[in-house]
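A.B. asks: Keeping their order, the protein sequence lines are chains C and H. Per the working numbering, the very first residue in the first sequence carries number 14; after that it's consecutive. Per the working numbering, the very first residue in the second sequence carries number 203; after that it's consecutive.
You may find that some hints are simply not true.
Distance condition first, Cα-Cα at most 20 Å in a straight line; then the derived EDC-like pairs of lysine to aspartate or glutamate [unchecked claim]:
| no. | chain 1 | residue 1 | chain 2 | residue 2 |
| --- | --- | --- | --- | --- |
| 1 | H | 244 | C | 69 |
| 2 | C | 70 | H | 247 |
| 3 | C | 83 | C | 72 |
| 4 | H | 204 | C | 51 |
| 5 | H | 304 | C | 51 |
| 6 | H | 204 | C | 72 |
| 7 | H | 244 | C | 14 |
| 8 | H | 204 | C | 75 |
| 9 | C | 16 | C | 35 |
| 10 | C | 66 | H | 217 |
| 11 | H | 304 | C | 72 |
| 12 | C | 16 | H | 205 |
| 13 | C | 84 | H | 298 |
To give an idea of the chain H side of the interface with chain C (calculated C-beta under 7 Å), a few residues [as the list claims (entries may be wrong)]:
| no. | residue |
| --- | --- |
| 14 | 236 |
| 15 | 241 |
| 16 | 242 |
| 17 | 245 |
| 18 | 294 |
| 19 | 304 |
I should point out that these hints are in silico values taken from the structure, not numbers from a laboratory. Quick reminder that beta carbons are idealized off the backbone N, C-alpha and C, glycines included.
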Amino acid sequence: DVKVTQSSRYLVKRTGEKVFLECVQDMDHENMFWYRQDPGLGLRLIYFSYDVKMKEKGDIPEGYSVSREKKERFSLILESASTNQTSMYLCAGGRGLGYGYTFGSGTRLTVV
Amino acid sequence: QKEVEQNSGPLSVPEGAIASLNCTYSDRGSQSFFWYRQYSGKSPELIMSIYSNGDKEDGRFTAQLNKASQYVSLLIRDSQPSDSATYLCAVGARDDGLTFGKGTHLIIQP
Chain C
14 DVKVTQSSRY LVKRTGEKVF LECVQDMDHE NMFWYRQDPG LGLRLIYFSY
64 DVKMKEKGDI PEGYSVSREK KERFSLILES ASTNQTSMYL CAGGRGLGYG
114 YTFGSGTRLT VV
Chain H
203 QKEVEQNSGP LSVPEGAIAS LNCTYSDRGS QSFFWYRQYS GKSPELIMSI
253 YSNGDKEDGR FTAQLNKASQ YVSLLIRDSQ PSDSATYLCA VGARDDGLTF
303 GKGTHLIIQP
């Protein structure tokens, strides 16, 4: 099974800072995703990628960007953090829709 | 906009009974259907997948799919207190990510 690792479990950042959230998967899988999870709103897709240098917008991409320079690493970037980006961020990866996706342990980001 | 609907609960079930969780989805082009379990403070864990109409069983879990009715369900037999969690229904079409329901909070009463 694929293992998805998110580098930080908790982060506290200041408004206006540029924030990088890192995600690494240990298999040679193409598909990787970034979600955020908020009480009452559930999991919402921010960005996804199914190849190096490739990215696609999800349902709520505003205020975010992503980078995928290597197949195993998919980074989420908050260009200028705002308090409404305080959330749990979850990275997922896997071989494809026919196999399901595995989540990392999540990064709880607080923007103050 | 693709939507996945679940009853938020809480759904309370006695230990040893069958827990029945339901989900409806809006996109008729959906191809893959998943159930994830999420314990409080943890990330979602994939427990079941189903791709064709009918039932799929794995241990105490049975997933049911009815594409004509756009309906997915999860049955948990012989419910245990350790099954207490939030269960997320997820639906996918092509490889553009999964759309999740907001989850059903399940409580198994000892």
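A.B. asks: So which hints don't hold here, by number, going up?
C.D. replies: Of the numbered hints given earlier, those the structure breaks are 1, 2, 3, 10, 12, 15 and 16, listed in rising order.
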